Amino acid sequence: MFRGLLLLLSLQCLGEAIKVLTGVVIPGPVIGMLLMLALLMVRGGVPESLDTSTEWLLGRMPLLFTPPSVGLIFLVPSLGGEWGAVLAVAVPGTLLTLLFTAVLMQRLLAARRQPEHDQ
Amino acid sequence: MSAWQQLLDGPLVALTITVACFEFGAIIYRRSGHRPWLHPTFCGAGAVAAVLWLLDIDYHDYNAGVEILSLLLGTVTVALAVPLYRQLALIRQVALPVLIATLGGATFAVLTAAGLACLFGASEQTLLSLLPKSISTPIAIGVSQELGGLVELTTGTVMLTAVVGISTAPLLYRWCGIRDPRVQGFALGVAAHAMGTARAFEAGPVAGAFASLGLCLTGIVTAVLLPSLAGLFL
Numbered sequence: 001m002f003r004g005l006l007l008l009l010s011l012q013c014l015g016e017a018i019k020v021l022t023g024v025v026i027p028g029p030v031i032g033m034l035l036m037l038a039l040l041m042v043r044g045g046v047p048e049s050l051d052t053s054t055e056w057l058l059g060r061m062p063l064l065f066t067p068p069s070v071g072l073i074f075l076v077p078s079l080g081g082e083w084g085a086v087l088a089v090a091v092p093g094t095l096l097t098l099l100f101t102a103v104l105m106q107r108l109l110a111a112r113r114q115p116e117h118d119q
Numbered sequence: 120m121s122a123w124q125q126l127l128d129g130p131l132v133a134l135t136i137t138v139a140c141f142e143f144g145a146i147i148y149r150r151s152g153h154r155p156w157l158h159p160t161f162c163g164a165g166a167v168a169a170v171l172w173l174l175d176i177d178y179h180d181y182n183a184g185v186e187i188l189s190l191l192l193g194t195v196t197v198a199l200a201v202p203l204y205r206q207l208a209l210i211r212q213v214a215l216p217v218l219i220a221t222l223g224g225a226t227f228a229v230l231t232a233a234g235l236a237c238l239f240g241a242s243e244q245t246l247l248s249l250l251p252k253s254i255s256t257p258i259a260i261g262v263s264q265e266l267g268g269l270v271e272l273t274t275g276t277v278m279l280t281a282v283v284g285i286s287t288a289p290l291l292y293r294w295c296g297i298r299d300p301r302v303q304g305f306a307l308g309v310a311a312h313a314m315g316t317a318r319a320f321e322a323g324p325v326a327g328a329f330a331s332l333g334l335c336l337t338g339i340v341t342a343v344l345l346p347s348l349a350g351l352f353l
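Top to bottom, those sequences are chains D and Y.
Going left to right, the first sequence walks through residues 1 to 119 as the working numbering numbers them.
Going left to right, the second sequence walks through residues 120 to 353 as the working numbering numbers them.
What the hints contain is simulated information worked out from the structure, not anything from laboratory work.
For clarity, every value in this text was computed on a predicted model and none was experimentally measured.
Under the rule of at most 25 Å between Cα atoms (straight-line distance), these lysine to any residue pairs were calculated in the SDA-like manner:
{"id": "1", "chain 1": "D", "residue 1": "K19", "chain 2": "Y", "residue 2": "S347"}
{"id": "2", "chain 1": "D", "residue 1": "K19", "chain 2": "Y", "residue 2": "L191"}
{"id": "3", "chain 1": "D", "residue 1": "K19", "chain 2": "Y", "residue 2": "L269"}
{"id": "4", "chain 1": "D", "residue 1": "K19", "chain 2": "Y", "residue 2": "I260"}
{"id": "5", "chain 1": "D", "residue 1": "K19", "chain 2": "Y", "residue 2": "Q264"}
{"id": "6", "chain 1": "D", "residue 1": "K19", "chain 2": "Y", "residue 2": "L336"}
{"id": "7", "chain 1": "D", "residue 1": "K19", "chain 2": "Y", "residue 2": "A349"}
{"id": "8", "chain 1": "D", "residue 1": "K19", "chain 2": "Y", "residue 2": "L344"}
{"id": "9", "chain 1": "D", "residue 1": "K19", "chain 2": "Y", "residue 2": "E186"}
{"id": "10", "chain 1": "D", "residue 1": "K19", "chain 2": "Y", "residue 2": "S189"}
{"id": "11", "chain 1": "D", "residue 1": "K19", "chain 2": "Y", "residue 2": "L348"}
{"id": "12", "chain 1": "D", "residue 1": "K19", "chain 2": "D", "residue 2": "L39"}
{"id": "13", "chain 1": "D", "residue 1": "K19", "chain 2": "Y", "residue 2": "G267"}
Could you build the full structure based on these sequences and the hints that come with them?
Printed below as a string of structure tokens:
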């Protein structure tokens, strides 16, 4: 039952190794993900053990993001006079980016007249 | 050295606090009827901060204790290939819109960050730290170092961006009539990186796969283009 996890960890290691050896700016896990995608495409299917491990891990993502969010809380006192700029970039900046990307994507999809996909 | 201090030096206490606070956050989230700003990640983080303050635990000690969780975040990134593979047929149909929207969205994120930071009088170092805010933490740290920004500030802004993104996206989509799960997921991945992707998976597999796509492509595009673009302006 640990085969899926072993595969994920091996590709994570491989991605990290490639990053160190070649010095590319892309993070190791992203390289690992691209390798995994290539592997699945060559193999033509998802092994059950990988499916089980993936589902478990993806469901735990919100827990994994808790520590960096704690870091954000402890960052506030050290911002000094720059908090206005940080808030401006993070709040309206993100809202505008979300809206811009969504509208752009919607227009591009509509232009190709793709059928609507229901959830 | 007291027994308490000995216990604190290992990762056990930090992990226990994190999981306990997260569970506490999950209960609040469920009781509130799944309000986005009460997401277990934020409620949990608030509770962790309170516990650390009450027990007088230094944040850096805590952070060292939960390093295993950030390692697992890398494993999760590798695992994102599975939903991406499952939706490959759907993604292939819209490869060109996806590429154009990535370039557009990633550039827009950097330009609005630069514009707003200048408008609010940020110092050059703060400005540089804020530019990679839309990409996932590990990539953003690399880019920030490349640019000469402050890594802590970059990490914090990346998290804040995700918090803003995932707590406002449902409302924003409702107001603007954006219903296509491909669009909803993709924009979350581009604007709010991995946390946005986690949120998109809660909405469904199609939104999740498009979010993973947005997350990866934006990360790569920004990591490759931003350092050279910044060189032109500074």
